[in-house]
Amino acid sequence: MTVTVDEHGAPEAHAPSPAPRRGWRHYLLGPGWIRVLWMTPLFFGIGFGIVVGIRALAGWDPVIFWDAIIVVGALTAAPIGFLAGLGAFDYWLAWAFGQPTRPEDHSGHGARRWTDYFRINTDHKVIGIQYVTTTIFFFLAGGLMAMLVRAELARPEADFVDPQTYNELFSVHASLMIFLFVIPAFAGLANYVLPLMIGAPDMAFPKLNALSYWLLPIAGIMMLASFFFPGFGAGWTNYTPLSVEQPFGNVFFSMAVQWAGASSIMTALNFLVTIITMRAPGMTFWRMPLLVWANFTTSLLVVIATPFIAGSQFFVMFDKVMHTNFFDIGQGGYPLGYQHIFWFYSHPAVYIMILPGFGIVSEVISTMSRKPIFGYRLMALSLVAILMLGFSVWAHHMFVAGMAPWLRIPMMITTLLIAVPTGIKVFSWLATTWEGKINFSTPMLWALGFVSQFVIGGLSGIYLGAVPIDIHASDTYFIVAHIHYVLLGGSLFTIFAGIYYWFPKMTGRMYNEQLGKLHFWLTFLAVNATFFPMHIIGIQGMPRRVYTYDPQFGNWNMFISISAFVLGASFLIFVYNMVVSWARGPRAPANPWRGQTLEWQVSSPPPLFNFDEIPQVVGNPYEYGVPGAKHAVFNGDREVVEERETVRT
Amino acid sequence: MRAGSLIRVLLVALLLAAIATAVAIFVPWLPDQASKEGERIDFVFWFVTAVCIAIFSVVASLSVYSLIKFRAKPDDDSDGPPVHGHTGIEITWTVIPLILVIAMIVVSSVALAQNDRDPSNSMRVEVLGQQFAWLVAYPPDGAAEDMDGFICFNRGPDNAIEVAERCKTSPNLVLPLDQPVRLHLTARDVIHSFWVPEFRQKQDAVPGLKTELTVTPTKIGNYPFICTELCGLGHALMRTRAIVMQQSEFEAWRQRGAR
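Chains as they are written, first to last, in this note's numbering: chain A, 468 to 1116; chain B, 228 to 486.
By construction, these hints were calculated from the structure, which means they are not laboratory data.
Misleading hints may appear alongside valid ones.
Unchecked claim - With a straight-line cut-off of 30 Å between C-alpha atoms, the simulated BS3-like cross-links for lysine-lysine are: (1) 300/B <-> 984/A; (2) 1097/A <-> 296/B; (3) 787/A <-> 437/B; (4) 300/B <-> 1097/A; (5) 296/B <-> 984/A; (6) 437/B <-> 395/B; (7) 263/B <-> 437/B.
Using the sequences plus the hints, can you model the full thing?
Okay, structure coming up:
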């Protein structure tokens, strides 16, 4: 069944407009940006007061100690003031203090005008769009830094930026791409699509959902601000003791990771509870679309692993600001302890950054090939296998770090074993296309492009998993090539597949197919021209994280830099296409891809609470080619299906 | 799959394997090889390359064939056959990669075990990483290690590392030909990493810890000796030379200016 916009009306038809505004008190004290403007400095002042007060009482000199004031006032208290000003805590505080809470008039749902995207909004669809647009902003910022890095590396000499700036550029580039783009972009897409896919009206905790979104800009601004307090230049891995001896700006990274990590954990909890408790009737685990499976396993990874990076960065910050000695062996610390804790998060994090993409690609390939996903159960189980194995491989980042030599063997075994479930997924995608009716639309191009890039990245991963080769290739451009094949050719391609695939659903408009294809082919060619040669120069002896290098790598680097600029330019096509299509694109039908999952059974964009009647799930999500089969029915057409089932039995 | 399409897929696979093999052979991947450990690492490298070419040509040929053959006609709105899976095929593509993975694990483990050995006739060399230069120290024969396990690098009164006067020191790594060398590494300030691409061997030098590495040079030459762990602003400049010379030449060098 299809429901059009006309039948359901725009969101405003469902919700009454918010109460008319009343005078200056409302503007000053009501939730919003004006309250942000005074509450943020107020909270900074409170943090300032706490630090100065304690130091004055204890008689420490100097009383006004800016390092501590910035950490407590600017990086901890002021963001809380920002969130409070915006109204993230209003409901809970009113409830806690016995005040009347705002009645559920649905005014926190839906977006009626563009300004609604700039306030606390509890609608998962609005939050999903907030996430995606915010993360694309930080993606462009991080990409700009990559362009500057490549400008420096175009020629062997140091001729563009100074070494400190160079180190900050690649450090902040990686941090933004990981913590402000890939991880939250997946969270954003799933935020929009996942409740629709399981037949739920919203996420389980809408207010928590809004809060976890608004933590993101805080983290992103902190990372960008590190440039003004030089500097965070120890690489995104932030290894001690180098990070402890960095200038003060390093704490901006330590704290930004706390905000981004908190956002991740809250969202993951929200997904877990939503998936476990809010599935539509009939939606058993074995009837969930693979995107839901992917986000289920990812959320488990996030909830279990993220506290470790939070801990590791707190330790670094304490060592730096409070002069503790977690990692100084002369003072009873252990220098490799940092790396173990850091990678115990950061290896599972690479699966946090790819499993949701696996889910997106499974949806796209099945729909666009007009065939059921091949080996659905094994596809879901391989996600679970990756989840489990993913926690047992962290020290493969430390093969040359100086840990106990024997530990390298078990880590190599688990690392290479993880190739098996990953291989199962690749083979299953290919088998899904086999004998299908493949429709090479833009999302499908990105999905297939992802598979090809991920195969190359997976194969270079096998080289790195084999300890003897890793000893040679570790910390070279071979590593840079590998991570960009799996994170850029991998995660980024799946994000684009998802954005193009659900763009009609999210905006109610179609994007321009020609521009989408141009964007794909330009990016695809530029990615390979940029990153494939990095394998060669890395193996030949070019270390990573250097601003000047042996002139013998000059020609390759010039070629790589030019390709990288083409790659950077290709995203301008994407931005143009998205902006123009969102504003003026042709109206999208409810189900432009003829998909069977639930999000395609409602209008584009969906009604305010997703489903006007609760769907009844009656079958698997990918029943393409099965005559008369349906994933779900609504009251109106239930009889038809019951009839069919009788015939079948 | 019918016989006709099987043959076509095989042809594509052979073509792709040939291209991948050409890329593997004709692109100058590995730098010169100048150590016995490097020989074993290179063997693992080419073994893994062979496996990867096989996997790549199977995956790539199936995808190329599938994407060309099964593309939908412009006005074809029908669905593909409702194939949900095939247990036999699924077991096959779980088991075969498993076997390949085990083979690579075995080959890697053997090479690693051989490269990690400290031969009884090895010569001891101590290496200190510091911002932003390497210091190589050659301890006199028979000298005893201190509590931290070093002969040449001792902790002074303020816990800072001091270089013992009885050791010959050099900013370059100078090694005799065909002599197994056991490197004992540490660092003064932050983590550095020892790497000579021609030796293939790499090991972090960590402040407060002792790490070890075996290198047996097999070719006379002058090679880059690079820090590969980001160690601060001068990281990119922390590069010097590793020089391999004849035994007799090395002995003469070692006596020269010995303290």
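Take a quick look at whether residue 300/B and residue 1097/A sit within 30 Å of each other, Cα to Cα. holds (25 Å)
Do the alpha carbons of residue 1097/A and residue 296/B lie within 30 Å of each other, as the hint requires? With Cα atoms ~28 Å apart, residue 1097/A and residue 296/B stay inside 30 Å; holds.
Residue 296/B and residue 984/A were given as a pair; does the straight-line alpha-carbon distance stay at or below 30 Å? holds (20 Å)
Measure nothing beyond the straight line between the CA atoms of residue 787/A and residue 437/B; if it is 30 Å or shorter, mark the hint as holding. Measuring from Cα to Cα gives roughly 25 Å; hence the hint holds.
With a cut-off of 30 Å on the C-alpha distance, tell me whether residue 437/B and residue 395/B pass. holds (20 Å)
Does residue 984/A lie within 30 Å of residue 300/B when you go C-alpha to C-alpha? Between residue 300/B and residue 984/A the Cα gap is close to 18 Å, so the pair holds against 30 Å.
Holds or violated: are the alpha carbons of residue 263/B and residue 437/B at most 30 Å from each other? This hinted pair holds, its Cα atoms lying about 23 Å apart.
In summary, the structure agrees with every hint in the numbered list given earlier.
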